[in-house]
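Asks: What follows is each chain in one-letter form.
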Amino acid sequence: MLKSLVFVIVCTMSWFTSLAQCNTAYPQDQSPKIASYNIEAYLDHDAKRATCQQTIRWKNTSPDTIRELRMYMYMNAFQGLHTTYLKGGDSNIFGQDLLQRTEKEWGFITINSMEDVNGNSLSQQYVQPNDQNPDDESVVEIALNQPIYPGETQTFTLDFVVKLPKTIVRSGFGKDDFFLFVHWFPQMGVYEQNKSGEWAWNCHQFMRGTEFFADFGDYTIKINASDHLVIGASGCRISEEKIDGRQIIEFQAHDLIDFGWVAYPTYDVYTSTFMDVDIEILMPPEHCAFADRYLKAVEHGLEYLGKNVGKYPYPKITVVDPPVHTLNSGFMEYPMMITGATFFGIPQSVRSVESLVIHEFTHMYFMATLASNEKEEAWLDEGFVTYYEDRILDHYYGDKKSLFNVLGFTSGNAENSRLEYTGLPDPSVGAIARPGWEFRGSYKGLIYAKTATVLKTLEGIVTRPVMDDIIQTYFEAYKFKHPKEADFRGIVDEVLKKYEVELPFDVSMYFDQCLHGTDICDFEVVSIKNNTLHVRQNGGLIVPVEIEIVFEGGKKEVVVWDGKGADKTYSFSEDTSIHSAHIDPEQKIYLDLNFINNSKTKHTNSKPLVKYAAKSQNWIQVLAQLASYLM
Amino acid sequence: MSKVAHVLKETILQWKVVFIVYISQFFFGLILAYSMYAEMYTSYDGSLALEYLAKGFDRTVFMDMVNSQNEMFSSSRGLAIILLIVYCFMSVLLQGGWLYTIRKKEFSIRSFLRGGWKYYFPFLGFAGISLLLFLLFGGGVGYLFTSWVGDPLMTFSSEKPYVLWIIFLVCLYALWTILVWSWSVTARLHYINQPSFIKAVKLGFDKVKQNLGKYIAIGWLIIGIHVFLMFLYYWIMGDRGASSWYIVAVGIIFQQTIAYSRVLLRGFSYSLVEDLNPIPTE
Ligand SMILES: [Zn+2]
Numbered sequence: 002m003l004k005s006l007v008f009v010i011v012c013t014m015s016w017f018t019s020l021a022q023c024n025t026a027y028p029q030d031q032s033p034k035i036a037s038y039n040i041e042a043y044l045d046h047d048a049k050r051a052t053c054q055q056t057i058r059w060k061n062t063s064p065d066t067i068r069e070l071r072m073y074m075y076m077n078a079f080q081g082l083h084t085t086y087l088k089g090g091d092s093n094i095f096g097q098d099l100l101q102r103t104e105k106e107w108g109f110i111t112i113n114s115m116e117d118v119n120g121n122s123l124s125q126q127y128v129q130p131n132d133q134n135p136d137d138e139s140v141v142e143i144a145l146n147q148p149i150y151p152g153e154t155q156t157f158t159l160d161f162v163v164k165l166p167k168t169i170v171r172s173g174f175g176k177d178d179f180f181l182f183v184h185w186f187p188q189m190g191v192y193e194q195n196k197s198g199e200w201a202w203n204c205h206q207f208m209r210g211t212e213f214f215a216d217f218g219d220y221t222i223k224i225n226a227s228d229h230l231v232i233g234a235s236g237c238r239i240s241e242e243k244i245d246g247r248q249i250i251e252f253q254a255h256d257l258i259d260f261g262w263v264a265y266p267t268y269d270v271y272t273s274t275f276m277d278v279d280i281e282i283l284m285p286p287e288h289c290a291f292a293d294r295y296l297k298a299v300e301h302g303l304e305y306l307g308k309n310v311g312k313y314p315y316p317k318i319t320v321v322d323p324p325v326h327t328l329n330s331g332f333m334e335y336p337m338m339i340t341g342a343t344f345f346g347i348p349q350s351v352r353s354v355e356s357l358v359i360h361e362f363t364h365m366y367f368m369a370t371l372a373s374n375e376k377e378e379a380w381l382d383e384g385f386v387t388y389y390e391d392r393i394l395d396h397y398y399g400d401k402k403s404l405f406n407v408l409g410f411t412s413g414n415a416e417n418s419r420l421e422y423t424g425l426p427d428p429s430v431g432a433i434a435r436p437g438w439e440f441r442g443s444y445k446g447l448i449y450a451k452t453a454t455v456l457k458t459l460e461g462i463v464t465r466p467v468m469d470d471i472i473q474t475y476f477e478a479y480k481f482k483h484p485k486e487a488d489f490r491g492i493v494d495e496v497l498k499k500y501e502v503e504l505p506f507d508v509s510m511y512f513d514q515c516l517h518g519t520d521i522c523d524f525e526v527v528s529i530k531n532n533t534l535h536v537r538q539n540g541g542l543i544v545p546v547e548i549e550i551v552f553e554g555g556k557k558e559v560v561v562w563d564g565k566g567a568d569k570t571y572s573f574s575e576d577t578s579i580h581s582a583h584i585d586p587e588q589k590i591y592l593d594l595n596f597i598n599n600s601k602t603k604h605t606n607s608k609p610l611v612k613y614a615a616k617s618q619n620w621i622q623v624l625a626q627l628a629s630y631l632m
Numbered sequence: 072m073s074k075v076a077h078v079l080k081e082t083i084l085q086w087k088v089v090f091i092v093y094i095s096q097f098f099f100g101l102i103l104a105y106s107m108y109a110e111m112y113t114s115y116d117g118s119l120a121l122e123y124l125a126k127g128f129d130r131t132v133f134m135d136m137v138n139s140q141n142e143m144f145s146s147s148r149g150l151a152i153i154l155l156i157v158y159c160f161m162s163v164l165l166q167g168g169w170l171y172t173i174r175k176k177e178f179s180i181r182s183f184l185r186g187g188w189k190y191y192f193p194f195l196g197f198a199g200i201s202l203l204l205f206l207l208f209g210g211g212v213g214y215l216f217t218s219w220v221g222d223p224l225m226t227f228s229s230e231k232p233y234v235l236w237i238i239f240l241v242c243l244y245a246l247w248t249i250l251v252w253s254w255s256v257t258a259r260l261h262y263i264n265q266p267s268f269i270k271a272v273k274l275g276f277d278k279v280k281q282n283l284g285k286y287i288a289i290g291w292l293i294i295g296i297h298v299f300l301m302f303l304y305y306w307i308m309g310d311r312g313a314s315s316w317y318i319v320a321v322g323i324i325f326q327q328t329i330a331y332s333r334v335l336l337r338g339f340s341y342s343l344v345e346d347l348n349p350i351p352t353e
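Protein chains in written order, with my numbering: chain A, 2 to 632; chain B, 72 to 353.
Pulled out of the complex, with its shape left as it was, chain A reads as follows (with noise of 0.2 Å):
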């Protein structure tokens, strides 16, 4: 119990530092290869921007005749109050007053020159394609002097310059010298089909609560900074030479969607090993304590994705822990690369670490390499690593302990995950499986909760060594592919096949309510009445569920209501009397808003209101004691 309270404040890591070397064993060809880059970028610290050369490979996969590029300009989302991720956000976005910002406190980028293989340079011109909002240049077209054909790769080199803003979320700068360059260079936006089946460029403007989607491909980045600052990155260092006070270090990766790297001068790295796998992690020495914790986050996910959903994709993953006083940069995914978040002294039982750790290690899986359109259909990979996130926490720590357990306050992260729902003001507030832009103040309850939640259901239903093997045919069937929601729910037939479902289910119209529609699920146990059991479904959602009845005398009795129609009543033998009823009791239908009245017995167990009265009853007294001191 006592052990709960510690507080790790003292550096215990005697792992630490040698630079990884990647294994090379790894396979460096699992991916179509579409667009690729090479960048060398100069790092003027002091003005906070980089200029950079770059240049593009990009493979015409589709049947038409490319004579037009879309490529993503990020940073430029940063300009100012005017850009679509900004605007209506004078005040108070992401926990920030941006009006008072200087113009060096704002970012941008821009591309000086940019020319194909001949030679011949090419025009641009900013595109608005989701708002056409005029002031805002986060993608640009780019005409083509020669088309490229289907199937023709052709090169392109560019010359650009990107300046971090002062942190608002993810990339910028921050006090002494911190650096995240994340949506850091301009990026080929993926030519597909959509869902009319025609081909066209998927490359939306940056708009709140998106995040990726882009083609895979090889990066070669060469970063030339100042040699003071500690720099980590997507990718494997493969070379490194320090002339006249700076350093020049090359990264390689193979088979990302995307790059991005940090810098900040008083990072301490921490090296392992595991599986495999090199695990290299950036911490500011005020976290050091953390560093373990990391690192044990890091092999569990490892070893728990790797045995249930599939082998970790790259050679190496880098975690880099953000200072406090730029947190903004922290809580995300990049491939290879995630960004935590810790503050001094937070106790070990109380597990935000780890849990988000594990959270942004999972998305190396959902969005790294399953990379699904995470702006159009962000619960294919935030739903989908809520899921995996509260398996493992609960795995590794224990099911109702696993997020915290504090002086006898326990909580489970997949009950956590569960109450981030049930507790929105209106859990019916909105579908699922809509753009993360459409989203106002429910995105974290719908998109990563419910969508958890959802998934859990589903494996009560199916139980668990199905719905292993369909995430698990799944990663294989679209590892290094843009899945969407029909390829997922494709595959969900496919393994159900396989197996006899008992239970009457229809996991089509399941998917349909908890994906597109907003119905909810809550089971109540009307009455019990000598022989007669009266049950109802408060909500729309049609699941089949278990009831479980106990007679008098202790005869069991387990009954399946296929969840159809909105009261049930049944009636058993008349020589019975139900003692008591249950619907669920194994909680396998988690979507469930309130299992309180999920049952009912005529014998109230008074034990547990005893003693939480004479808990509230020992605080009065506390409190009264140490209000007697003061008066």
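I should point out that these hints are in silico values taken from the structure, not numbers from a laboratory.
Just so you know, even glycine gets a beta-carbon here, dropped at the ideal spot from N, CA and C.
The hints are all genuine.
According to the in silico footprint, chain A covers these stretches of chain B (three or more CB under 8 Å from chain A):
| # | stretch |
| --- | --- |
| 1 | 124-137 |
| 2 | 223-230 |
| 3 | 328-342 |
Model the placement of chain B with the ligand on the given structure of chain A, informed by the hints.
Replies: Relative to the frame of chain A, chain B with the ligand by itself:
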């Protein structure tokens, strides 16, 4: 050593007074306990969810109820605040009687009641000054610190020195509380011998200044024992659930034993302070 033995002996002599104070706290708590029981009974009546609570704390069982009934625990919360405010006023009465018995070395209930009524209003004045000193210092230090620090994350290199500063300020605040409490008890003891409010206020300050080290030691000792009792409770009880009436009963008895010890500890602290302030022989 003999002094400590003497104080301990005197503490034991106070058992009747301690019991009255304990019982008064107990009944205040009982009112809340009844309200909580009634609220929970209405909400959970007949649900097997209570079986989960019988195994130990269960966040889902509480939160499902809070989520499905917005009013859950709201009347108990309001009641708890009222009870505490009323108790604060009553506490002045109890403390008056208590200090009177210690000063007069008459540990009878009759003496306790007589002292309580006799000194209620002047002691309310001492309580008012204590509260004022307590709040002024807290507000003052808080104001100075926040205006010095500004945005802590920009002022300090990281959150670590900020956290350490907060810990330091909490300790400072505890120290200030010790001093205010020492003054408040000392001044009241002197008031019992010479009923001049101003003089007692001054004597209180003089005596605390004179025996500063000893007062601080007593204060930290009392805080230390309180913290120890809290840990002892969590260490032994943890969350043992409520699987049988026996476990529930043991939990309540242990809880109340500690509650009684806390009140006894206060008697001990009064005796220690009294020992530092012998009645002046003029
Ligand atoms: Zn996420």
